[in-house]
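Order-wise, the sequence lines are chains U and S.
Just so it is clear: in the first sequence, position 162 is 168 by the working numbering, and no numbers are missing.
Just so it is clear: in the second sequence, position 72 is 76 by the working numbering, and no numbers are missing.
Hint data in this document are derived by calculation from the structure and do not stem from the laboratory.
Note that the structure is a prediction, hence the values are computed from the model and not measured.
C-beta atoms are modelled at their ideal positions from N, C-alpha and C, and glycine is treated no differently.
Among these hints, one or two may not hold up.
If the Cβ cut is set under 8 Å, some of the chain U residues that face chain S in the computed set are [claimed, not checked]: (1) K188; (2) L189; (3) E191; (4) S192; (5) G193; (6) Q194; (7) T195; (8) F196; (9) G197; (10) R206; (11) V207; (12) P210; (13) L213; (14) W287; (15) P289.
With a straight-line Cα cutoff of 30 Å, these simulated DSSO-like cross-link-like pairs (lysine-lysine) come out [what the hints assert, rightly or not]: (16) K106/S to K187/U; (17) K73/S to K126/U; (18) K106/S to K73/S; (19) K188/U to K73/S; (20) K105/S to K73/S; (21) K73/S to K164/S; (22) K187/U to K73/S; (23) K35/S to K164/S; (24) K106/S to K188/U; (25) K164/S to K106/S; (26) K215/S to K73/S; (27) K35/S to K188/U; (28) K188/U to K105/S; (29) K215/S to K35/S; (30) K187/U to K126/U; (31) K188/U to K164/S.
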Amino acid sequence: MTTSELVPPPVKKAGPALESLTARGRQGRLRNVTRTWRGRVLRIAVPVGLIVLWQLSSVLGWADEFTLPPPSRIIAAYQELWANGDIQAALPISLKRAGTGLAIGVSLGLVLGLFAGLWKIGEEIFDAPLQMLRTIPFIAVVPLFITWFGIGETPKLVLIAAATIFPMYLNTYHGVRGVDKKLIESGQTFGLRGWRLAARVILPTALPAALTGLRYAAGVSLLALVLAEQINAREGIGYLVNNANQNQRPDIVIAGILIYALLGIVVDVLMRVAEHFALPWRPRVAIG
Amino acid sequence: MSPSAETVVDARGVRRVFDRAVLDGVDLQLKQGDFVALLGPSGTGKTTLLRILAGLDAADDGQVLVPRKRSVVFQEPRLIPARRVWRNVVLGSRNPRRDRKKAVTALTEVGLAAKSDAWPLTLSGGEAQRVALARALVTEPGLLLLDEPFAALDALTRIKMHDLVAELIQRHNPAVLLVTHDVDEAILLSDRILILADGSIDVDVAVDFEKPRRRSDPRFIELRTHLLERLGVS
Ligand SMILES: Nc1ncnc2c1ncn2[C@@H]1O[C@H](COP(=O)(O)OP(=O)(O)OP(=O)(O)O)[C@@H](O)[C@H]1O
Ligand SMILES: [Mg+2]
Chain U
7 MTTSELVPPP VKKAGPALES LTARGRQGRL RNVTRTWRGR VLRIAVPVGL
57 IVLWQLSSVL GWADEFTLPP PSRIIAAYQE LWANGDIQAA LPISLKRAGT
107 GLAIGVSLGL VLGLFAGLWK IGEEIFDAPL QMLRTIPFIA VVPLFITWFG
157 IGETPKLVLI AAATIFPMYL NTYHGVRGVD KKLIESGQTF GLRGWRLAAR
207 VILPTALPAA LTGLRYAAGV SLLALVLAEQ INAREGIGYL VNNANQNQRP
257 DIVIAGILIY ALLGIVVDVL MRVAEHFALP WRPRVAIG
Chain S
5 MSPSAETVVD ARGVRRVFDR AVLDGVDLQL KQGDFVALLG PSGTGKTTLL
55 RILAGLDAAD DGQVLVPRKR SVVFQEPRLI PARRVWRNVV LGSRNPRRDR
105 KKAVTALTEV GLAAKSDAWP LTLSGGEAQR VALARALVTE PGLLLLDEPF
155 AALDALTRIK MHDLVAELIQ RHNPAVLLVT HDVDEAILLS DRILILADGS
205 IDVDVAVDFE KPRRRSDPRF IELRTHLLER LGVS
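All chains should be modelled from the sequences, with the hints used to inform the complete structure.
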């Protein structure tokens, strides 16, 4: 700095030590608006562009219709599936599979997580084995489940349940264990013990973690569904896909895959909405 | 000295050992309506003693007799974020819904009736601490333990809280043990000041001039000088 210490300059200039921070101003606000709109437009334009490109690829003959059927063919496939009632038959069956498996897995995970979280003895009994089992990729046990449970509905449900126990267990357990000790103490000083302490302090505070577990588990249940439906399914979306594959109908295969993807999105949105309503006390829970 | 009928806290020879004997024979008697301030350098075991009196920690040795109904206000408000403000106030109640009126009355006392349905995370620091105070008093405790309850507040809010606490305590009349680092605060609010040093109560002085006390009062200044000297600051 070269300025004299005794007589500071009346107006400080930007230099190596000072930086001038400009106010946003009119132009800046305008730029913000443009940016926002650019964001919105691009978000829609890019996917639409990709779909157009996909369609063009077959119109212009870049890709063989058989390897990659264009979007128009896939829409036609949906119409066909709808017309002969295949989707209406398959979707509820797949949803029921995923839902039943998820309900079993999540209930078990929740109960075990609460037990291990609230009671030392529960932790001592269940935590080590569950942590060990958790490391097994559920994909790897499919052949074993087939030999144990056959190829009917049971192995499918067991697989989905088994895959969803762990995210639910882990999040619940950590949620309960992670409740601030200070909050627990403040409950204790006001005479809360046992289940009252759990109901009024621990469980409500652990709920966000449990809901995160539920959201993960719901996502995993769809993953497990796809896998489970590879096991000789006779009905459901997986059956549609496998069948179409054997009949060399790639358009229906892609249509089926997209249904799985759509289910994933729907489940995620539903879970976020559920969180929003279940956790009103959390500041700014964003939907979507 | 045997505990008289109105003695509400009677602690004798309290010992608590961590890596060293943090409390090594603390004796403390409080009568109903006593307002006692506990001073002492950081790490001397004030919080440890308070936690033992609260029943949150057990002494390794000694006798502790305290009222069944006790309340604590800590430096942080420690409200349950997932429970509305009024539910926090009647946290320990057997039937919170039935006690809702009580909660609102207690919140009115601290000037927060309007926030009774709010979520704790939407409160300011001072408001949250007032809720904690309402929660501590709603049970009409025989002993109120305050562990630096004003330390996290700004200076203006702190002055208002001093007045509020003084007024509420006069109305509810529990025995109060206030842990603080602020000598002025101790002189302003309490009737008796203790200094904890080397594991036991080292200084026990009565503050016997009338309230409200002024910092400019010569007796105030004299007592402060004395206490600061005993705390090793002068
Ligand atoms: N749970 C614990 N385990 C081990 N040491 C502890 C524990 N609690 C407190 N101590 C030790 O006991 C001593 C007294 O702690 P305490 O919190 O009672 O001090 P304090 O007087 O309240 O200090 P401050 O004024 O800073 O709040 C400290 O040296 C602390 O490290
Ligand atoms: Mg302390």
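How the hints compare with the structure:
1. K188: Holds: closest Cβ of chain S sits about 5 Å from K188/U, inside 8 Å.
2. L189: 6 Å, holds
3. E191: Interface hint status for E191/U: holds (6 Å vs cutoff 8 Å).
4. S192: 4 Å, holds
5. G193: 6 Å, holds
6. Q194: Result: holds, 7 Å to nearest chain S Cβ.
7. T195: With a minimum Cβ separation of about 5 Å from chain S (threshold 8 Å), the hint on T195/U holds.
8. F196: For F196/U, the interface hint holds, since the closest Cβ of chain S sits about 3 Å away, which is under 8 Å.
9. G197: 4 Å, holds
10. R206: Result: holds, 6 Å to nearest chain S Cβ.
11. V207: The hint holds - V207/U has a Cβ within 8 Å of chain S, the shortest such distance being about 6 Å.
12. P210: Because about 4 Å separates P210/U from the closest Cβ in chain S, which is inside the 8 Å limit, the hint holds.
13. L213: 7 Å, holds
14. W287: With a closest approach of 4 Å, the W287/U hint holds.
15. P289: 5 Å, holds
16. K106/S to K187/U: With Cα atoms ~27 Å apart, K106/S and K187/U stay inside 30 Å; holds.
17. K73/S to K126/U: 29 Å, holds
18. K106/S to K73/S: 17 Å, holds
19. K188/U to K73/S: Measuring from Cα to Cα gives roughly 19 Å; hence the hint holds.
20. K105/S to K73/S: Since the Cα atoms of K105/S and K73/S sit roughly 20 Å apart, the hinted pair holds (cutoff 30 Å).
21. K73/S to K164/S: 27 Å, holds
22. K187/U to K73/S: 21 Å, holds
23. K35/S to K164/S: Holds. K35/S to K164/S sits at ~27 Å (cutoff 30 Å).
24. K106/S to K188/U: Between K106/S and K188/U the Cα gap is close to 25 Å, so the pair holds against 30 Å.
25. K164/S to K106/S: 23 Å, holds
26. K215/S to K73/S: Roughly 28 Å separates the two Cα atoms, so the pair holds.
27. K35/S to K188/U: Holds: K35/S and K188/U sit about 29 Å apart, inside 30 Å.
28. K188/U to K105/S: Roughly 27 Å between the alpha carbons, so the hint for K188/U and K105/S holds.
29. K215/S to K35/S: Roughly 19 Å between the alpha carbons, so the hint for K215/S and K35/S holds.
30. K187/U to K126/U: Cα-Cα ~15 Å, so holds.
31. K188/U to K164/S: Between K188/U and K164/S the Cα gap is close to 26 Å, so the pair holds against 30 Å.
Of the numbered hints given earlier, the model fails none.
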